[in-house]
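Q: Residue numbers (numbering that gives the first Met the number 0), protein chains in the order written: chain P, 0 to 268; chain L, 0 to 320.
Wrong hints could be hidden among the right ones.
[Said to hold, decoys possible] Derived BS3-like pairs: lysine-lysine, alpha-carbon spacing no greater than 30 Å straight-line: (1) P:K37 with L:K305; (2) L:K221 with P:K37; (3) L:K320 with L:K221; (4) L:K305 with L:K53; (5) L:K305 with L:K221.
[As the list claims (entries may be wrong)] Which chain L residues stay away from chain P? Per the calculated CB distances, all over 12 Å, these: (6) A75; (7) Y118; (8) A196; (9) Y255; (10) R267; (11) P308.
Because the hints were derived from the structure by calculation, they are not lab data. Treat the numbers as computed from the prediction; the structure is a model and nothing was measured. All C-beta atoms in this analysis are idealised placements derived from N, C-alpha and C, irrespective of residue type, glycine included.
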Amino acid sequence: MQKLSKRAKNTHSHYTPLYLLSLGLLLSLWQGALWAIKDTPRHFILPTPGAVIERFIRMMTDGTLPYHASVTLTEMSLGLTLGTTTALLLGYAVAHSHILAHMLEPIIVTSQALPTVALAPLLTIWFGPGLTSKVVVCALIVFFPILVNVSAGLQNIASQQRDLFLLLEASRWQKFLKLEVPAALPAFLTGLRVGGTSAAMGAVVGEFVASSEGLGYLVKQGQNLYDTPLMFVAILTLTILTLLVYGTLGLIERLSLKWRFLNNTTIEA
Amino acid sequence: MQTKILIPILLFALLLTACSPSPTGLEPVTLPMGYVANVQFSPFYMAEERGYFKEAGFDVTFDYRWETDGIRLVAAEEIPFTVASGDQVIQARSQGLPVVAIAAWYQRFPVAVVALPEYPLDTPEDLRGLTIGIPETFGASYIGLRALLKAGGLTENDIDLQVIGYTQIAALTAGTVDAIVVYANNAPAILEHEGIAFNALYTADYASLVSAVLATNETMIKEQPERVRAFTQAFLHGLQDVLDEPETAFEICDAYIEGLSENTETQRAVLTHSIELWSAPQLGHFQTESWETAQQTMLDAGLIEKAVPPDTLFTNTFVQK
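Can you make the complete structure from the sequences, with help from the hints?
A: Shown next, in the form of structure tokens:
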């Protein structure tokens, strides 16, 4: 176990210079673009990294950015919770009933085919311009990948394992807890990671339609006030938020499935 | 074998056609309108239909992107002209974008606050305590509301302002809000058509603010004033024709607006209300006061950090015949 941890740490520290190189490349490209448009009429379309950092620090210290970020994070969290709960319930039902699966499939697929950007104004009319409409938009975006993964995870349980539980006369609850949950958990957590990053998009779409707070609102405000540094700061913060959510869900996945990583790794003597 | 020779020749011919200038010798111009296709753009449709743009040397394509995009493209010298709100010109110039308004389109500011009959709106003071739905906290709607509040001796703290996006009428009829901020030539016509009674307070009755304009950039004005004049005059000619022949103007709109025939009564009312906002003894002329008032309103609202000299925002040079 110790040797495994050390190897994992070595792997991460091995890649750190590459991450830094990637960041350096991005900043170089940004600076290159600035030089290219410096003496042209387009010079205003790209702010300098310095202007963005200065604005970022200012908005962090005066509390504006933490406030708007917390609004978007709240919408994402509630939307993810609602979407995940719905997906778990529907995914379980669909995996256990062919009739229900065939009945719900067109509705579920249609819900994903509808462009959320077009649906968001309707949701604002139905649920009002407050938090609820944003949570619903998030939930709509989040629930499909989770639903698909949960359903697939449950349906792909090996028949030998099902037969074993049948032979052992396991109760429904025992089958759920000791067979279905472990079987579906990896797929569910993968879907959750995908859904978690999509939740940010849902929150921003909702805020674009009708909001006076949140990071999406800041992007829109920046766009309409020709304040490009503000747009960049909001987008940067949204990116950081999404990466944090992704990282957190990834950590939850690794911790929950520790037994899987151990089983798949050669333990050195 | 013949197909193998023919296809490359056809492709080459297509490429040549794409690269060559317009066979008519007209300059292709994309004109961002700032909103969806609507009867409110009838002056432009009229100018196009009667060939005024072509006489001026332009082959115009109407583009219904947002006005902020149009302003950016003009500032970046990607396109020569755009339709935009006066407050957008102020906003852009305050950020250093070199756009200039060259013709006034609306002479009366089109924003109004509308409420159902149970909320009297006789004076701006009647806005006190109301929950007011607004599309956004920037742009013409916002400064129109701010001007009304100022006229009533009120501030935003005296009302409950709710950002509701472009769902105003639904929010009003559902009772989510007590009043809504709308364009006076649009929402009232819809409410009338639906048989919904309402009270209205018009910003233009209390403040003179610059409204929708035709805009270009400083480079165009400096280096190609004759093109700017030609385009401006073509637009004003179209505007005059609409004021003189509203019925013909409405018929012309049918070719440019999908689904107009499904909604003729309401849209005819929209055009009638719009014409009331466009009429003036001297079409296209700006008043410095309207720019100053708009700019001060935006400063008070925190939309801009500092004022720009009003004479850099607009010019009346090209509206003179």
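Q: Could you run down the list of hints and mark each one as holding or not?
A: We went through each hint and held it up to the structure:
{"no.": "1", "hint": "P:K37 with L:K305", "in the structure": "holds, 24 Å"}
{"no.": "2", "hint": "L:K221 with P:K37", "in the structure": "holds, 21 Å"}
{"no.": "3", "hint": "L:K320 with L:K221", "in the structure": "holds, 19 Å"}
{"no.": "4", "hint": "L:K305 with L:K53", "in the structure": "violated, 40 Å"}
{"no.": "5", "hint": "L:K305 with L:K221", "in the structure": "holds, 25 Å"}
{"no.": "6", "hint": "A75", "in the structure": "violated, 5 Å"}
{"no.": "7", "hint": "Y118", "in the structure": "holds, 19 Å"}
{"no.": "8", "hint": "A196", "in the structure": "holds, 21 Å"}
{"no.": "9", "hint": "Y255", "in the structure": "holds, 23 Å"}
{"no.": "10", "hint": "R267", "in the structure": "holds, 26 Å"}
{"no.": "11", "hint": "P308", "in the structure": "holds, 18 Å"}
Of the numbered hints given earlier, the model fails hints 4 and 6; all others are met.
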